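Asker: We have chain V already, so just place chain B on it with the hints.
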Amino acid sequence: MNGRERILTALEVREPDRVPLYIHGINEESIIGIGKRVTDGLPDPKQFYDMTEPERLKLVDALFLIHEEFGVDGMTSFEINQLRDLDATHAEDDWHVVYERSPHGLPVVCGHPIEDAAALDLYTAPEPRREHLLLLDLARERFQGEKALFWLMRGAFVLSWRLAGMSNLMIQMHEDPGFVHRIAEMTTVFNLKMLELLAEAGLDVLVIEDDIADTKTTLISPRHFCEFVNPYNRRLVDRAHELGLKVVRHSDGNLWKLMDTLLDSGYDGLNPLEPQAGMTMERVKAYCGDRLCLLGNIDCAELLPNGTPEQVDAAVRRAITDGGQGGGLIICSSNSLHPGVDPDNCIAMFHATRKYGAYEKN
Amino acid sequence: MARIEELYEAVLTGDKSTAEEVTRHAIGTSVDPQALIDQSMIPAMDEVGRRFEEEEYFVPELLLSARAMKAALKIVNPLLSESGGKHKGCIVLGTVKGDLHDIGKNLVSSMLEGAGFRVVDLGTDVSPEQFVAAVEENDANLIGISALLTATMPSMKSTIEALEAAGIRNRVKVMVGGAPLSTDYAKEINADAYADNANAAVRTAQDLTGA
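So the protein lines, in turn, are chains V and B.
Sequential numbering of the first sequence, starting at 1, is according to my numbering.
Sequential numbering of the second sequence, starting at 1001, is according to my numbering.
Source of the hints: derived by calculation from the structure; they are not laboratory data.
Here are the simulated lysine to any residue pairs, SDA-like style, with alpha carbons at most 20 Å apart:
no.: 1; chain 1: B; residue 1: 1088; chain 2: B; residue 2: 1209
no.: 2; chain 1: B; residue 1: 1187; chain 2: V; residue 2: 306
no.: 3; chain 1: B; residue 1: 1016; chain 2: B; residue 2: 1071
no.: 4; chain 1: B; residue 1: 1097; chain 2: V; residue 2: 90
no.: 5; chain 1: V; residue 1: 355; chain 2: V; residue 2: 18
no.: 6; chain 1: B; residue 1: 1016; chain 2: B; residue 2: 1043
no.: 7; chain 1: V; residue 1: 46; chain 2: B; residue 2: 1125
no.: 8; chain 1: V; residue 1: 216; chain 2: B; residue 2: 1054
no.: 9; chain 1: V; residue 1: 216; chain 2: B; residue 2: 1050
no.: 10; chain 1: V; residue 1: 257; chain 2: B; residue 2: 1055
no.: 11; chain 1: B; residue 1: 1016; chain 2: V; residue 2: 177
no.: 12; chain 1: V; residue 1: 46; chain 2: B; residue 2: 1097
no.: 13; chain 1: V; residue 1: 257; chain 2: V; residue 2: 234
no.: 14; chain 1: B; residue 1: 1074; chain 2: B; residue 2: 1003
To give an idea of the interface, some chain B residues facing chain V are shown, with a C-beta separation under 7 Å as derived from the structure:
no.: 15; residue: 1098
no.: 16; residue: 1103
no.: 17; residue: 1151
Only some residues are given here: those of chain V computed to face chain B with a beta carbon under 8 Å:
no.: 18; residue: 102
no.: 19; residue: 105
no.: 20; residue: 166
no.: 21; residue: 170
no.: 22; residue: 217
no.: 23; residue: 219
no.: 24; residue: 220
no.: 25; residue: 221
Computed from a prediction, not measured in an experiment: that's the story for all the values here.
Cβ atoms here follow ideal geometry from the backbone N, Cα and C, with glycine treated the same way.
One chain only, chain V, in its complex shape:
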């Protein structure tokens, strides 16, 4: 099997030849830290927007090399170059959401264009832009069907709060539900159009990235989730399936209160299964491992930053023991490979997946 076949088989909750490996997200510093083990000429750690064009190309090449050298079976793409600079530290996207550049990772949202229904009346949503799929195009050309192509698409909740502000959106769920629905509808129409472009570009797996929980419980009530979030994301699931894609649901945090709703929504996979949030592999596998594929669970909060390669090896072995039976398991970290992770530990995770992941032939 090649990586693509391995991933797609796991997402059908069947056994591939071995447990696949996947990187959900990875920052520049981690690409450079791991990439230095497989290539020369990488720049010192800095943000993508601070890099020269040759440095950017080198970074993307290093990302691809990491996938090739360490047998990562799926490659995640997302929008790049979609922000316009406003000043030295601020930028905005096509939605006019404003971000502040951070030296430590992704830019942080700091300005919201739609405060209320009156502002929404005057607002015009952007159209998806084909050129924002550049990373997906590069990955498709590089891997030529050898690896599964994933795309991170932000879902209704995250896009809505970026537009309206988190606290404001939450208050409007009580005070002006129609406003919240209108924003969710607008973001979903955008996402459905983007989905058509992605399918045409050769995507295999859509990841609906819509963080909705902290380590204790959900941010909003299950009732609000079922009213304002899930029906919109479910339309993406349905359309993606019509287009022949697999769909993975990503949310940080403790999702137990929403688990049955998510299971009924048709997702093929669930990510990232944070162990600190009660999403232990053993428990999730027992609850729903025969219904959807589990992606994640290797702790990136404590283990990958501060553990040892031996401890990472043991954690991967345990995850495969707990979650691998019958297929439906893809190993990856419990969130992104952020700037705090130790490159040696990431490499230990890659190696251990190969070491322990083989399925016995029936």
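Answerer: Using the frame of chain V, we list chain B on its own:
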């Protein structure tokens, strides 16, 4: 008595306009403003906290109740000042140097204000020196430091060291919060407490200040 019960209900259900209306009316009929706080608002927010812990309430409901409480306090506070009343305490809040994340910190700020604390919110990317200066300027008895990134967590330790260097560590309590943190990390950096959510932050602040 009826007004006190109405205010309790308005805060509990996050009904801001009713909370304001009831508070104004109560004050107009010479109800003791301190009694409004002690018998309506604080018990209501205690119940909000209980419901949050029991997962009957979620973040939106916390926000609504905190907003209603703040609106009522805004009416009551000038009268308390006239009569010699005072806040539970002053809390300096901020996200550490190099870290721009503020959603959790803002929620904590709202909840602390709703619980009757005076909050000096320094925003994000706050240096140790800024924390120290704000504590001194406001005679704060507690600071709350937030970080979302493992890369910026060390700045929490730097902030506590700056408080020590300024000779004010012994008169200000320090609580920390943020996704990558833990009780162990709080102990390691010599913080007084770790709070893992906004409601816990209020309880922790009350415990640390004796409020």
